[in-house]
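Protein chains in written order, with the numbering used here: chain A, 1 to 389; chain B, 1 to 352.
Treat the hints with caution; some may be incorrect.
What the hints assert, rightly or not - List of simulated lysine to aspartate or glutamate pairs, EDC-like, C-alpha gap at most 20 Å:
id: 1; chain 1: A; residue 1: Lys262; chain 2: A; residue 2: Asp358
id: 2; chain 1: A; residue 1: Lys307; chain 2: B; residue 2: Asp2
id: 3; chain 1: B; residue 1: Lys330; chain 2: A; residue 2: Glu374
id: 4; chain 1: B; residue 1: Lys330; chain 2: A; residue 2: Asp277
id: 5; chain 1: A; residue 1: Lys328; chain 2: A; residue 2: Glu374
In short, the hints are calculated from the structure, not lab data. Bear in mind that the values here come from a model prediction, so they are computed numbers and not experimental data.
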Amino acid sequence: MDLAYTPRQKAFREEVRAWLAANLPREPLASYDTREGFEQHREWESKLFDARLSMVIWPEALGGRGCDLIEWLIFEEEYYGAGAPMRVNQNGQLLLGPTLIEFGTEEQKARFLPRMASSEDMWAQGWSEPNAGSDMAAITSKAILSADGTHYVVNGQKTWSTRASFADWLFGLFRSDPGSSRHHGLSYLAVPLDAPGVTIRPIQALNGKQAFAEIFFDDVKVPVENRIGDEGQGWHVAMATAGFERGLLLRSPARFQYTARKLVELYKANRELADRDPSIRDAVIEAWTGTEAYALSAYHTVGRLAKGARIGAEASTNKIYWSELDLKMHETAMRILGPFAELTGDAPEAVEAARWLDGFLFAQAGPIYAGTNEIQRNIIAERMLGLPK
Amino acid sequence: MDFTFTDDQLTFREAVSRFLMTEAAPERLREIWDTDTGRSPELRKNIAEQGLTALSVPEDCGGLGMDDVAWALMTQELGYYALPDSLADAAYVAAGLITALPAGTASREEWLSRIAEGSIRIAVGHPVNPLVADANPANLLLLADGDAVHAVPREQVEVEANPSIDLSRRLARVRWTPAAATLIADGESGRALWAQTLNRGVLSAAGQLLGLAQRMLDLSVDYVAQRKQFGKSIGSFQAVKHHLADVATKIEFAKPVLYRAAYALAHGEAGVDARVSHAKLACGEAAWLAARHGIQVHGAMGYTWEVDLQMFMKRAWALDASWGDRGFHKARVADAILVEGAALGPGHTFEE
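Isolated chain A, as found in the complex:
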């Protein structure tokens, strides 16, 4: 055990810090759940890409830095520590990206990855369907290969697709063997959202914005070159992605440590009122201990990975941990703000432009998306503890 950063790691931290200080937007960007904010975030992402900071863990040939996971953690610490914008293309970059790197052809990697890193292409995900939520293997949307084998014909419906109203592409699972069931006979496809036959209907989320959408496919032609992995192997390919999703990359500790720091500041600024409820102080302390524990766990996991260990079912403990911690921190902020907590960003007396309210609303989704916490608990019990199905 050696908890000192190397000179190289320190220099990287300094570089990221200096770049952010010089380039961070002066004004906060509009919400990326609006068209205007989405495009502002796209512009910010392209700036990050030009500095080769958009996907630091990707190889240099793909526009990254070839960073290891410790350097990635350092990047995240600097990024969120500086209060930089949320990452608008994470679903593509962190869920599809690693899948393409593992399963994609060279042609697909060259076609998709650089434009994904620069956010010229924004990606939405197409997993859930009206009758396939927690039970994802119940997918019924079909992709039938044409007689000449050049393209699939896609029909069906996807839903809960984050920011699909504004995105350029969709990746997801479709049933390519109509006689198959459950995990068999599925193929993993990349579908351009401007293709004829695609209809996108925005769904208004809790915050009143078009945070997600449902997508209808009506005889949509998708070239066979857009299939990722082998025909019928979609479940296997998608599970690799789900593993990444539940694991470390999607929710780095720095994001939550930043929230904890802001919460401590909020508490200190309102201490006299807040201390009338002694449980608030406890919750503020737990924000620090909880986020530190999450960061420490990330460093411990990354260190074990570097020594050849694999992340198994314990990744499911991550999902439960950060989503419940994030919710608790935002609940605490709402309690500290008291009668001002309900004010939206339009209210002249809103505190910090209603960032806590926005975060509180979004935190409600944490225990639900990316596999509900109930599903995660089943996974922990069955795969980590070995309990019977």
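Given chain A's structure and the hints, the job is docking chain B onto it.
Frame of chain A; chain B shown alone:
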């Protein structure tokens, strides 16, 4: 930056685990619970023969010079088996204090050599603990008189037993009169010794609590897999699974906190107090949740004397408030994070 253990450290932990699996099996635990002293000379002899009493004694006094980081693995094993012996008090906590005395302090080398060979029991009476564990069978007691540290032979103190629900914890009120002859440090150096000893005692308890949590989880997993109701294992029911998944999650996120605190102590970091207190809180909460959910999934069997779970629950309930209760440790964490200019948030997990 490498926040992992070496293969040697992990291999050593395995070896200790295999040793304790037979030496401190639940049947042995029950036998020792039933004795008057709560201690087994035979067990102590076997522990010493394995070299476990010598772990943190410096090499020049016949020990292995093991540091706090490696002890964070050891104490988990001591907890996992609920070892009915005060090994960690003498071989880790007291050895740490005595090692930190200036070389040449009377009896320092002799005590260390005797700790290493396992021929001395030392009880530590830190002021944070109103009662002293293992005062009665001790040969020597390290006691506080304000900042002063005294090393007092057993025959010079009066001991009044205060039985604990954990029958292998033997607590006592110790009455004694400070004398010049027993003084080994005072003033600034005494204060520093007690501060460091406090953190070492806390980490020892924290590691044991984490080991206990894991043991209670393992016992519970075994039980719910074999116990059948409605024609199937109760471990197949979601309500039961979720109880145990929550325990596994608590344990998972307490481990690295313990390791970070051990490193801070071994390297004398400025923020060590908050790190150590955080570890105690995280490990204590994991152990208490493991006990609560453990007894719940054991059903009525969990409420009996007969099922082994009780021995581990009782140790967990007891250790949680030893070396500082939760109020004490929350206050230390609060002091660190609520102070003006505290280094918090991203990028401060390893650097101030």
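We went through each hint and held it up to the structure:
1. For the hint pairing Lys262 (chain A) with Asp358 (chain A), the CA-to-CA distance comes to about 14 Å; that is within 20 Å, so the pair holds.
2. Only pairs whose Cα atoms come within 20 Å are accepted, and Lys307 (chain A) paired with Asp2 (chain B) is accepted, the gap being roughly 10 Å.
3. In summary, the hint linking Lys330 (chain B) to Glu374 (chain A) is not supported, as the alpha carbons are separated by about 30 Å, beyond the 20 Å threshold.
4. Simply put, Lys330 (chain B) and Asp277 (chain A) have alpha-carbon atoms about 16 Å apart, close enough for the 20 Å limit, and the pair holds.
5. Under the criterion of a C-alpha separation no larger than 20 Å, the hint pairing Lys328 (chain A) with Glu374 (chain A) is consistent with the structure, at around 17 Å.
Hint violations for this structure: number 3 only, all remaining hints satisfied.
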